[in-house]
Structures are given as C-alpha cells and as structure tokens.
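Asks: Listed here are the chains, written in short residue letters.
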Amino acid sequence: MVKVKLFATLAQIARKRMVEVEATTASELLEKLSQIYGEEFRKELEGGMIFLVNGINIEHLDGLNTPLKDGDTVSIFPPIGGG
Amino acid sequence: MVEGKAEKPVYIYINGDNVEIRDASHVWGKLVSETEDTLRKEVGVDRARIACIGPAGENLSLIAAVMNDKARAAGRCGVGAVMGSKNLKAVVVVGSKGAPTPADREKFMQVVREKVNKLRNDPVAGGGAPKYGTAVLVNIINENGLYPHRNFQTSVFAHAYDQSGEAMAAKYLVRNKPCFACPIGCARVNKLFYLKEEVEGPEYETVWAFGSDLGINDLHTIILANHLCNELGFDTISAGTTLACAMELFEKGYIKPEELGDEPPLRFGNTEVPIYYLPKMAFRQGFGAKMADGSYRLAESYGHPELSMSAKKLELPAYDPRVAQGLGLQYATCNRGGDHIKGYMISPEILGYPRKFDPQDDSEGKIEMVKEFQETTALVDAMGLCIFTMFGLWIEDYKDLLNAFFGWDLSVEDCLRIGERIWNLERAFNIKAGLTKADDTLPKRLLEEAVPEGPHKGSVCRLEKTLPVYYKLRGWNEDGTIPESKLSELGLEWYK
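Chains as they are written, first to last, in this note's numbering: chain A, 1 to 83; chain B, 84 to 579.
Hints may be right or wrong, so weigh each one.
[Claimed, not checked] In the DSS-like style, the derived pairs of lysine-lysine whose C-alpha atoms are separated by at most 27 Å in a straight line are:
| hint | chain 1 | residue 1 | chain 2 | residue 2 |
| --- | --- | --- | --- | --- |
| 1 | B | Lys395 | A | Lys16 |
| 2 | B | Lys88 | B | Lys169 |
| 3 | A | Lys43 | B | Lys274 |
| 4 | B | Lys214 | A | Lys43 |
| 5 | B | Lys439 | A | Lys43 |
| 6 | B | Lys198 | A | Lys69 |
| 7 | B | Lys274 | B | Lys260 |
| 8 | A | Lys43 | B | Lys198 |
| 9 | B | Lys363 | B | Lys88 |
| 10 | B | Lys454 | B | Lys520 |
| 11 | B | Lys201 | A | Lys3 |
| 12 | A | Lys3 | B | Lys274 |
[As the list claims (entries may be wrong)] Beta-carbon label-pair distances, calculated as ranges:
| hint | chain 1 | residue 1 | chain 2 | residue 2 | range |
| --- | --- | --- | --- | --- | --- |
| 13 | A | Asp72 | B | Gly541 | 16 to 22 Å |
| 14 | A | Asp72 | B | Glu451 | 30 to 36 Å |
| 15 | A | Met18 | B | Met84 | 35 to 41 Å |
[As the list claims (entries may be wrong)] Far from chain B, by Cβ distances over 10 Å, these chain A residues were calculated:
| hint | residue |
| --- | --- |
| 16 | Met1 |
| 17 | Ala11 |
| 18 | Val19 |
| 19 | Ala23 |
| 20 | Ser27 |
| 21 | Lys32 |
| 22 | Ser34 |
| 23 | Gln35 |
| 24 | Asn65 |
| 25 | Pro67 |
| 26 | Asp70 |
| 27 | Gly71 |
| 28 | Phe77 |
For the record, the hints were derived by calculation from the structure and aren't laboratory data. Nothing here was measured: the structure is a model prediction, and the numbers come from that model. Every residue, glycine too, gets a C-beta built ideally from N, C-alpha and C.
Isolated chain A (complex conformation) (with noise of 0.2 Å):
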C-alpha cells in the first residue's frame, strides 16, 4: 500500500488528509484517487499539482510513470504560492 498526503483543496474535496492506495504508478494512483472522490477531485487535479514521492517531485523523477512501491508516501497539493 502507498500512504497517500492531500493536501489544501484536495483534502477538502476528499474530506481526507490521509488514505491508502494500492497502485504501481503515479498516474495509476491518480486514476484510482480520481474513482474514488469523484469528478471534482479529478477536474481540481488537472488544474496543476504538485505530486511528491518520499518528498521528491515527479517532475524530477519519471513524471506520472514514476513507479510506486509497497510503503512510499506520496503528498499530492495544488498549485499553491506565499512566501
């Protein structure tokens, strides 16, 4: 199973901050996320994320065919800015 963070309006559209995922894949996570909370959730996806694994962006990995293994965490936030 891959512990799964969501955060700011994710977690709002999930009523979750935490969930368990079996899947193999960033994009196969993402897929089972968006059957599980529903339409809202995948339209708040493609509007931009950031998709962490162990803490590193995907974006510097191999992007949505990063591989997930049994005990990773993943923290998935939308676009977001501050400082």
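With chain A held as given, fit chain B onto it using these hints.
Replies: Chain B alone, transformed into the frame defined by chain A:
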C-alpha cells in the same frame, strides 16, 4: 529624505503640499495601534495613512520595523531603529492629488484588465493564495524537507500541519483582508476568542519563525506572537529567529539558567518564550536586552556567532538552503542580507514557476535563473507592485504594463537591464560601505553540516560551486567587486 535628529519625539504631518513637524511626546512609548488611532484622530482626517514605529524602534532595536496600517511592516534590516534614532515616531500623510496620468489611459486600463484577469485565473494567485493565505506553504515546504526546525538543526517538523494555512483557516480565520485594490487578497484576519479585537496575520514566514523554528506547534501562540510584533514594531522573521538562536545557545549550555533567574527558560517548544520575551526585547529589559539587536549580536556576545542563522547579519527566512541550492545562492548574494523576497527561488525550485527546476540542481542554468529572478524582482519592486503578482505574471507582463503606462517601447531585455542596474547599484553601495566577497556567505552549519533527515538527508548548500559561476554571469571580478567596464555598461560610472 529625513535628515538629522529632532531634540524630542516628533511626527511629520504631510497634507498636500503642507509639511509640519509636530510634537509626538504623547505617543512616545505607545504601541503601534494606539499611536495610529491617536494621530489619525489628532489630524482629524480618517483617510490619513500612517507609518510609525513601536517601542522596539524607539529603543533602537536593530530588528525593529516601520509599521503601516497597524499590521503591515517594512520589516527587514532594522529600519525602525533609523526612525527611532531621529526621534521620529511617525509620518502621517493625507494626499490631495490624484494618481499620475498614463500616457494613453484607455490602452493602459486595457492592459491592466488583461493582467488582473490573468491573476484571477491563475491557480495560485486566484486560488490557493486567497483561500489559505501564505501559510498554505507550510505543508509543501515541510513535505519537501526544507522547513527549518530548532534553529536550522534539522528541516522537517513532525507537527507542521497544526500551523499550516489549512489549519489556520479551520481554527482561527475570520476573513481575508486584501490590500488596496488587490485582485489576490491573501492577507488573513484571525480571532482569538478572548481578545476584543480581531488581529491581522500571521503570514507564512511568521508562522515558521515562531512555530517550527522555536519547536512550537501551537498556532494560538504564533498568532499572539505575531500580534505582539505588530504592536511593538518588530520584524517577525528576525524576532522569531533571534529567539531560536537564544534557545540553541541555552540548549548547548552557553546561556546559563542562572543568567535568566526567574525569567522563562529558553527551551525549544516553550510557548511562554515569545509571549514573555518580545515586550522585554522591545523595552530592553531583563534578558530581553541581550536579544534586542538580533541573533548575530546575541550569538557573538557568547562567542558563537556561527549559531546565528543569518547572512550579512540579517536573519534567514523559512527555507533551508541546504535543500534549495538556488535559494542558498540568493540568501548569500542578496544585497540586504539573508532574504528570500529579492529572488524567490522557492518558486522555480519547489512550486514550479515560472519554470521548473530540481532544488538540488546547481548548474549554470539554475544560476541564470537566480540572476533573472533578482533582476525581475528589482523591477517589480521599483514599479511599486507586490511580488506576489509574480506567481501569475512574469517579465513580459511587467514590460506590457510599463510600456502602456509611459508610452514606451521597452523590450524584455530592456526590462531585465533595469533590474540589473538596480542590483549593481545596490552592490556598489555595499562595496563602498565595506562589504566584500567574504560577506557573500552563509552560516557554517548550512555549508558544512548535512541535513540530518528527510528527502534531502545528507545535503549541504554548495555555495563554493555556485558563487564563482554567479559572479561570472554577473560580469563581476572573481573577488566579487564590479569592474568599471560593467558600471559604465549599465550607465553607473558616476557612482564611485
């Protein structure tokens, strides 16, 4: 320009073309909100705008801010002490003239509408920022492993969520409070049930400075500490980070418990520390007197300046430069010292705009991005715009705005050149004031002690690699000075 020093406390009242220097002895020693209320009533104009100092500035604290609209701060570098040194409590302004007229009003307003729409439709500027405020950054910075904890001893905080923008919105938020005419509107108004008034803030940096950096997870304490800083007139980053430094000096046994007597022990996680010591620092009382001039002077007085997490003696903000290499270079080269907002590399390195970079990338392309960010920010600052517009706009947009207003025909390169000129002029000023390459550095910890945990465990800030490349890209000498040819190229040969 305010020159010299008044014999007794005064304030300057500007109403149209009329300028008066008035007695301020009745507000000397008063908190910021009382000062504003009193002076606004005194001049009898509700729309008067006021910049003032609190007790921290009066007592010449080197981390004192100039406060505006009660809760907005010109915070960094101790500018409050400059007003204090002149016995100048406040500047009260009532404007009587309209805004300057654009070269082509219709065209200008059309460009403004286009840029405002761009901001409104931007997922950050029009979405995350107004919804959760700047503290929405807490979780993403922590998950990426660069949320400094316990005076940068590590950079992951297990309880970060409790102080995040999401938690703030759920627990204390009353409403947003946009600055004048702002399409983003990120500022927070919070309420602590026992306080009569609502309070403004805290922003992300403050949440971190009084939260994770002090080992405190309690958002209630953070909101109160922020409010105290606003009322006393402190820079929140420097005030929090100074307390974090004191806590490490205490933890390591350099500050002895006997020295504090009955004052609160400076233990990490002790929520009494900011609430008790901030007023003591502002009035230079008890152990607060030792901390009133920031972390560098404090740590130096105990023979351990390396424990001050600062660059050019200005306290570092809320991101560990051992993880974001571009930000580390920005901290070390920023003309006003350890500062994030003059080249906010967290944007490309963590958040992904205007272009995505791996935080650990230390190649020439990254260093060019640092330079471009510094140039662009200098331009945006000179335009008087908020740098948060940079989440949705970039250099081309600012070019359009300038051209439409002035009827100019500047290119992107011209705009970057304006920023470069500002950056070099500031640098030349620093050099004249005695700063050298040796000042373009970071605390030893960040260059030598590896991050002990998290996704970037084992990493240090590789400044020895990035700094020489940066000098080269800037066209500076290897010793960090600016060649005369570069000054001439920028039209700055007159500055000697």
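Asks: Hint by hint, say whether it matches the structure.
Replies: Going down the list of hints, with the structure as the test:
no., hint, in the structure
1, Lys395(B) / Lys16(A), "violated (44 Å)"
2, Lys88(B) / Lys169(B), "holds (4 Å)"
3, Lys43(A) / Lys274(B), "violated (33 Å)"
4, Lys214(B) / Lys43(A), "holds (18 Å)"
5, Lys439(B) / Lys43(A), "holds (22 Å)"
6, Lys198(B) / Lys69(A), "violated (43 Å)"
7, Lys274(B) / Lys260(B), "holds (13 Å)"
8, Lys43(A) / Lys198(B), "holds (24 Å)"
9, Lys363(B) / Lys88(B), "holds (26 Å)"
10, Lys454(B) / Lys520(B), "holds (17 Å)"
11, Lys201(B) / Lys3(A), "violated (36 Å)"
12, Lys3(A) / Lys274(B), "violated (34 Å)"
13, Asp72(A) / Gly541(B): 16 to 22 Å, "holds (19 Å)"
14, Asp72(A) / Glu451(B): 30 to 36 Å, "holds (34 Å)"
15, Met18(A) / Met84(B): 35 to 41 Å, "violated (56 Å)"
16, Met1, "holds (19 Å)"
17, Ala11, "violated (7 Å)"
18, Val19, "holds (15 Å)"
19, Ala23, "holds (18 Å)"
20, Ser27, "holds (18 Å)"
21, Lys32, "holds (20 Å)"
22, Ser34, "holds (18 Å)"
23, Gln35, "holds (23 Å)"
24, Asn65, "holds (17 Å)"
25, Pro67, "holds (16 Å)"
26, Asp70, "holds (18 Å)"
27, Gly71, "holds (15 Å)"
28, Phe77, "violated (5 Å)"
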